[in-house]
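Asker: Residue strings, one per chain:
Protein chains: 2
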Amino acid sequence: MSEEKENIQFELTDELIQQVEQLIEVRKDKELKKLLDEFHYADIAEILDELNLEEAVYIIKLLDSETTSEILMELDEDNREKVLRNLSSKEIAEEIEELDTDDAADIISELPEERQQEVISHIEDEEHKAEIRELLAYDEDTAGGLMAKELVKVYETWTVAGCMRRIRGQAKEVTRVHSIYVVNKKNKLIGRLSLKDLIVAKSDQKISEIYIPSFDYVNVHDDVEDVAKVMAKYDLEAIPVVDENMILLGRITIDDIVDVMKEEADKDYQLAAGITGDVEADDTIWELTRARLPWLLIGMFGGIGAASIISGFSDAMLKFPVLLMFIPLIQATAGNVGVQSSAIIVQGLANDSIDGSLLNRLLKEFLLGLVNGLAIALIVLLISHFAFNTTYLESLTICVALISVIIMAALIGTFIPIFLDKRGIDAAVATGPFITTSNDVFGILLYFVIAKFILGF
Amino acid sequence: MSEEKENIQFELTDELIQQVEQLIEVRKDKELKKLLDEFHYADIAEILDELNLEEAVYIIKLLDSETTSEILMELDEDNREKVLRNLSSKEIAEEIEELDTDDAADIISELPEERQQEVISHIEDEEHKAEIRELLAYDEDTAGGLMAKELVKVYETWTVAGCMRRIRGQAKEVTRVHSIYVVNKKNKLIGRLSLKDLIVAKSDQKISEIYIPSFDYVNVHDDVEDVAKVMAKYDLEAIPVVDENMILLGRITIDDIVDVMKEEADKDYQLAAGITGDVEADDTIWELTRARLPWLLIGMFGGIGAASIISGFSDAMLKFPVLLMFIPLIQATAGNVGVQSSAIIVQGLANDSIDGSLLNRLLKEFLLGLVNGLAIALIVLLISHFAFNTTYLESLTICVALISVIIMAALIGTFIPIFLDKRGIDAAVATGPFITTSNDVFGILLYFVIAKFILGF
Numbered sequence: 001m002s003e004e005k006e007n008i009q010f011e012l013t014d015e016l017i018q019q020v021e022q023l024i025e026v027r028k029d030k031e032l033k034k035l036l037d038e039f040h041y042a043d044i045a046e047i048l049d050e051l052n053l054e055e056a057v058y059i060i061k062l063l064d065s066e067t068t069s070e071i072l073m074e075l076d077e078d079n080r081e082k083v084l085r086n087l088s089s090k091e092i093a094e095e096i097e098e099l100d101t102d103d104a105a106d107i108i109s110e111l112p113e114e115r116q117q118e119v120i121s122h123i124e125d126e127e128h129k130a131e132i133r134e135l136l137a138y139d140e141d142t143a144g145g146l147m148a149k150e151l152v153k154v155y156e157t158w159t160v161a162g163c164m165r166r167i168r169g170q171a172k173e174v175t176r177v178h179s180i181y182v183v184n185k186k187n188k189l190i191g192r193l194s195l196k197d198l199i200v201a202k203s204d205q206k207i208s209e210i211y212i213p214s215f216d217y218v219n220v221h222d223d224v225e226d227v228a229k230v231m232a233k234y235d236l237e238a239i240p241v242v243d244e245n246m247i248l249l250g251r252i253t254i255d256d257i258v259d260v261m262k263e264e265a266d267k268d269y270q271l272a273a274g275i276t277g278d279v280e281a282d283d284t285i286w287e288l289t290r291a292r293l294p295w296l297l298i299g300m301f302g303g304i305g306a307a308s309i310i311s312g313f314s315d316a317m318l319k320f321p322v323l324l325m326f327i328p329l330i331q332a333t334a335g336n337v338g339v340q341s342s343a344i345i346v347q348g349l350a351n352d353s354i355d356g357s358l359l360n361r362l363l364k365e366f367l368l369g370l371v372n373g374l375a376i377a378l379i380v381l382l383i384s385h386f387a388f389n390t391t392y393l394e395s396l397t398i399c400v401a402l403i404s405v406i407i408m409a410a411l412i413g414t415f416i417p418i419f420l421d422k423r424g425i426d427a428a429v430a431t432g433p434f435i436t437t438s439n440d441v442f443g444i445l446l447y448f449v450i451a452k453f454i455l456g457f
Numbered sequence: 001m002s003e004e005k006e007n008i009q010f011e012l013t014d015e016l017i018q019q020v021e022q023l024i025e026v027r028k029d030k031e032l033k034k035l036l037d038e039f040h041y042a043d044i045a046e047i048l049d050e051l052n053l054e055e056a057v058y059i060i061k062l063l064d065s066e067t068t069s070e071i072l073m074e075l076d077e078d079n080r081e082k083v084l085r086n087l088s089s090k091e092i093a094e095e096i097e098e099l100d101t102d103d104a105a106d107i108i109s110e111l112p113e114e115r116q117q118e119v120i121s122h123i124e125d126e127e128h129k130a131e132i133r134e135l136l137a138y139d140e141d142t143a144g145g146l147m148a149k150e151l152v153k154v155y156e157t158w159t160v161a162g163c164m165r166r167i168r169g170q171a172k173e174v175t176r177v178h179s180i181y182v183v184n185k186k187n188k189l190i191g192r193l194s195l196k197d198l199i200v201a202k203s204d205q206k207i208s209e210i211y212i213p214s215f216d217y218v219n220v221h222d223d224v225e226d227v228a229k230v231m232a233k234y235d236l237e238a239i240p241v242v243d244e245n246m247i248l249l250g251r252i253t254i255d256d257i258v259d260v261m262k263e264e265a266d267k268d269y270q271l272a273a274g275i276t277g278d279v280e281a282d283d284t285i286w287e288l289t290r291a292r293l294p295w296l297l298i299g300m301f302g303g304i305g306a307a308s309i310i311s312g313f314s315d316a317m318l319k320f321p322v323l324l325m326f327i328p329l330i331q332a333t334a335g336n337v338g339v340q341s342s343a344i345i346v347q348g349l350a351n352d353s354i355d356g357s358l359l360n361r362l363l364k365e366f367l368l369g370l371v372n373g374l375a376i377a378l379i380v381l382l383i384s385h386f387a388f389n390t391t392y393l394e395s396l397t398i399c400v401a402l403i404s405v406i407i408m409a410a411l412i413g414t415f416i417p418i419f420l421d422k423r424g425i426d427a428a429v430a431t432g433p434f435i436t437t438s439n440d441v442f443g444i445l446l447y448f449v450i451a452k453f454i455l456g457f
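Chains as they are written, first to last, in my numbering: chain A, 1 to 457; chain B, 1 to 457.
Simulated from the structure, these hints should not be mistaken for lab results.
One thing to keep in mind: the hints can contain errors.
[What the hints assert, rightly or not] Partial list, derived from the structure: chain A residues whose beta carbon lies under 8 Å from chain B:
id, residue
1, Val220
2, Ala281
3, Met300
4, Ser311
5, Gly348
Note that this is a predicted model, so its numbers are computed, not measured.
Idealized CB from N, CA, C, for every residue including glycine.
Put together the whole structure using the sequences plus the hints.
Answerer: This is the structure:
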């Protein structure tokens with residue numbers, strides 16, 4: 001038995017890509033197959049993402065569908081779409097036959113409506129076909145949209161020995177056996193067992209004597225984010241999915257949840273940076289513009305708003321030109337404080353760790369703003385006095401404005417995400433340019449109002 | 001057998017907390033135990049996080065250590081520290097005995113140096129003690145710091161039947177059996193098996209005939225982030241950890257990786273928002289100030305820098321006051337574009353999806369900046385002309401400056417994270433206030449330089 005080990009440090013080198021491209025060009029199928037056989041399907045997918053479409057399709061058609069179906073799942077979504085467009089419905093159906101139902105349904109749901117039925121009609125395994133149809137009916141953001149139909153299920157009336165015999169058959173279909181689900185004769189989920197429990201038990205015992213009657217489960221219509229929270233909180237590696245009558249419908253495994261968590265984190269990160277839609281650095285300029293321009297426009301209107309405010313105070317501008325120099329400071333501080341406050345709240349909401357009353361939360365932010373504001377105002381006071389020769393009243397204006405603006409930004413940054421969350425809107429949209437812009441505008445307005453009050457122009 | 005099911009919708013109500021507090025007050029231990037027995041340890045931890053220290057310690061001392069050890073693991077880090085300070089070294093050792101080695105080492109490493117040895121000396125199980133000592137020696141950011149010693153290991157010379165018999169013993173120690181690791185007589189990892197493979201095999205076969213010789217593994221000194229990437233990429237639920245000679249040392253399971261990923265995502269999100277250190281909304285004002293003030297100071301110095309620049313152009317200010325009104329617009333746009341560009345790069349770096357030359361990447365950002373800049377400049381041109389009565393040259397100045405500043409911010413936002421990454425510095429620090437501030441300052445400078453050039457002051 002050869003000692004081939006998968007090297008985790010798989011490196012996608014230019015040499016490797018060139019080697020693959022050359023083998024494709026001269027149609028050395030056997031050598032190409034031999035080369036690619038060394039790699040994990042996730043690595044082959046990385047190679048394919050670097051090739052042009054024609055070459056990628058060539059490799060997909062060359063390798064056996066057991067491998068290529070997994071490669072397809074790992075490809076960049078854009079590339080997968082292009083490759084699938086170059087495969088016939090029958091060819092896609094062959095790939096689908098190899099996949100677990102959850103992955104199969106995911107791939108089919110990405111196809112254009114009219115092709116979906118055509119591909120499904122080419123699936124030969126009737127049970128697989130029916131299960132995929134069932135999964136396609138669920139919303140992709142629900143437990144039903146994420147679950148797989150593959151699971152190991154035993155009836156409470158079976159014996160351990162009979163059970164071992166029978167699950168051998170079921171287990172072959174299931175990539176990983178996390179839990180064995182115990183059902184009654186009506187298919188109602190009543191408990192669970194691990195393979196370990198089964199191995200440790202005596203072979204003539206009945207399942208009803210050894211199963212564990214307490215178990216976690218999710219409803220088929222539960223939101224995937226809630227499923228992720230439950231699985232992370234209770235350290236679960238798989239969770240059964242049931243309907244309202246506790247009938248066992250499928251199971252969700254932790255690797256799918258890892259993907260959901262990653263997507264969620266990426267989305268929130270992008271929202272905080274003012275980017276919508278799932279874009280990557282390698283997307284086209286057009287896609288990136290669509291994701292970025294809307295947020296820049298929000299910022300632009302904020303800037304225009306600030307211009308109007310300054311214009312409205314244009315008399316004062318001529319009397320106290322030093323005030324204008326500190327507009328960028330006021331604006332930057334307001335923006336930074338607002339983003340800090342909102343980010344902490346958004347994260348707290350995501351982790352369900354925001355409790356206590358809104359009033360207490362705002363009071364705390366008020367105090368926090370006061371502490372930070374005093375610290376910054378003190379430094380600015382010294383610098384403005386010595387470096388910019390501001391008068392006593394001008395310095396006072398700048399410091400009072402800084403403290404007020406910091407407190408205001410902290411309160412707005414705290415209030416808006418909590419408000420959105422209570423209205424059922426994703427609080428993460430309240431971070432980034434949205435908060436920054438509103439704080440910019442309010443900050444400048446507050447600055448001038450305070451200046452008017454203190455300097456009396 | 002009772003049909004108690006764990007309800008995933010565990011809700012932490014004020015009534016429940018009050019009920020627990022009352023039972024503690026009147027010392028109704030039996031009732032309290034009965035009440036808490038209904039809940040999962042992760043739920044009990046949530047309850048304890050809401051109680052005061054005295055009450056939390058009371059419950060920890062009341063329940064059996066099998067449960068309390070798991071509760072301790074789930075507590076907020078701050079609360080766990082306080083609870084542990086109220087337990088004797090012997091009591092902590094009793095909790096430690098119940099935990100898997102990885103969790104045990106984590107708890108001990110959180111204790112003050114001098115208590116660590118004391119607690120370890122109280123651990124009665126000599127093997128457990130030695131294993132924990134071993135784990136404590138590894139850096140917590142490495143595979144060694146994350147792995148557990150509990151695993152199921154078989155020798156290639158065993159038969160399937162003998163193997164089943166022997167792993168029954170080992171399996172009892174291991175919460176979940178993901179993979180069975182196959183070693184040669186020198187304890188060198190040579191392959192793997194799943195329980196499923198074992199069940200499906202014939203009982204008189206030798207392990208050497210049925211084991212799978214290809215496997216993923218990580219080195220004990222590998223960075224945990226790399227381990228997370230490998231496990232996510234290859235959809236692994238557990239990975240063996242080896243030393244340089246392929247000797248099997250431990251294993252890492254996906255639930256630990258889920259925690260690592262969550263921490264990483266939270267940290268990057270906070271960095272992007274200008275917050276350092278792992279703070280939460282419920283931390284003290286002092287902790288939050290320490291996390292937030294440094295970034296505000298960066299922004300403050302940027303604001304002072306901007307003030308100096310404006311001051312340097314004070315002659316122009318009096319001739320073209322309309323220019324000053326548009327400073328907030330220039331600043332906000334520069335900040336927003338910079339954050340967008342850097343966030344996409346930081347995310348791309350984290351996902352290893354940044355390839356191609358730096359020059360191509362900068363060229364792309366240049367074009368992207370040009371497209372976005374033209375769109376925004378056109379709108380601003382119309383608004384400034386009609387609403388602010390700017391002259392032809394003033395409008396030209398504002399538009400050219402906007403386009404230039406957007407391109408500059410996009411280039412800086414792209415360049416800095418890539419540069420930091422190449423130097424081995426976490427690129428995520430380059431997002432948030434850092435990028436915003438530098439773009440603010442450079443943006444305003446560029447604005448005035450362009451104005452000087454076009455308007456000729």
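Asker: Next, verify each hint and record whether it holds.
Answerer: Comparing the hints with the structure gives:
Hint status for valine 220(A): violated, given a least beta-carbon distance of 13 Å to chain B, over 8 Å. Hint status for alanine 281(A): holds, given a least beta-carbon distance of 4 Å to chain B, under 8 Å. Contact between methionine 300(A) and chain B, as hinted, is supported at the beta carbon level, the nearest pair being about 5 Å apart and thus within 8 Å. Annotation: interface hint on serine 311(A) holds; nearest CB of chain B at approximately 5 Å, less than 8 Å.
For glycine 348(A), the shortest C-beta to C-beta distance to chain B is roughly 4 Å, which falls under 8 Å, so the interface hint holds.
When held up to the earlier numbered hints, the structure conflicts with hint 1 and nothing else.
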